[in-house]
Every structure is written in C-alpha cells, then in structure tokens.
Amino acid sequence: MAKHDWKKDLKHLYLPKPGPFAFVDVPPMQFLMIDGHGDPNTSPDYQDTFTALYSVAYGIKFGVKSLGIEFSVAPPEGLWWSKGPTLDLTDKSDWDWTMMIMLPDEITAAQFQKARAEAVQKKGLPVIEQVRLETYHEGLSVQVMYLGSYSDEGPTILAMHQFIAEQGYVLNGKHHEIYIGDPRRSTPDKLKTVIRQPVRKA
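The numbering of the sequence shown is our numbering, which starts it at 200 and goes up by one.
Since the hints were made in silico from the structure, they are not lab data. Wrong hints could be hidden among the right ones.
[Stated by the list, open to error] The following label-pair restraints were derived from C-beta to C-beta distances: (1) H336 - V272: 36 to 46 Å; (2) V223 - G323: 21 to 31 Å; (3) K321 - P354: 41 to 51 Å; (4) P219 - Q312: 41 to 51 Å; (5) D208 - Y253: 36 to 46 Å; (6) E333 - R399: 47 to 57 Å.
[Stated by the list, open to error] Calculated cross-link-like contacts (lysine-lysine; reagent style DSBU-like; alpha-carbon spacing at most 30 Å): (7) K260 - K207; (8) K282 - K207; (9) K206 - K216; (10) K400 - K282; (11) K264 - K400.
Note that CB positions come from ideal geometry on N, CA and C, so glycine has one too.
Based on the provided sequences and hints, a complete structural model is requested.
Rendered as structure tokens:
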C-alpha cells in the first residue's frame, strides 16, 4: 500500500521552520489547478475555487483508497502574478492567480476525471469543471515561513526580492504561497504561509 503524508514526505518544502530565507530545489509535482483574476478579497470566484479544489481532491482521496493508495490532502497553494516583472503589491484588482492542491504522482488522469465528474454532479458548482490536473516544476527557489496576516506580507516579499538580488539571482517565475494556516480557525497573527519565489542565476 502506498501512503503519502505531505507533512512528513515534503516537510522541507511545506513546513520549513520560521527563520532566514533559504534556497530549495522543488521537483516536478502534480497539482489540481484552477485559474482566476482579481482581488482575492473581493473576487466572487475566489472562494468558489477552494470548494472546487477540495471537492475534487477528497473525491480522489476516497476513490483511490480501495486501490491501495492513501494520502493526506495537502494545503491549498497559490501562484500570483500581474503585469510587470514583479507582483504589484499595490493593486490587487489586477492580479491573476492559479489556486492549487498537490497530489501524489500515482494519481492518473482517469482517476482525476472521474472524481471531477462526480464532484460536479454532487455539488452542482460549474466552476468545478474548470479544475485541471497538471505537473508544475518550480525548480530552484527561495522560500521562507511567514507568520502573520496575509495583508502584511508586503515587507517580507520585498525583503525576499532584495535577498535574491544580493545573492546574485533574479526572479524566474510566479510568486508562490502555500497556506498552512486556516483563516477561519486562526487569528491573523497566527497564520502560517510559505512564501516562495523561483529564481535563476543573474
């Protein structure tokens, strides 16, 4: 039986200890993905994406258990970008985003499609049909475990970009966040977010 637990298997990528910025090499991984646009605080589609992703993820989880595959559903993640070389922290209305949940490599396209079809039928939420299965390879990146409110991330992001430049690297991909904390259950100052930025040598 294949068992996967992101908290153990990928601890260095998903649960780094709070501290200084660190380089990591992120391997290709498989994700459920769904795209959107706009300020996540006001976009009517943003919250529905979480319902869509979790519905499919848990459908897969229960669907493959009989095949000897067990896994813990990973936390939601987001890729964020806007026009220009870096994410515009002043105008969230212009943001594009891809929300994601990581899946084990054993999950097949057929298993995904079956779970998505069942989720559409069960939930009746059209946005579920937009969920796709895709491999994403981030490669060399800088990351940090951030503690605090999402709205206060700006200084940490800017400091990360400065660190990257000082180390002789440049940004090489989309701003990435992994949401370990649940804003429905934690106060803003207790939220945990992995902030990650792919890089390459300047």
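Looking back at the hints listed earlier, which ones does the structure fail to meet?
1, 2, 5, 6, 8, 11
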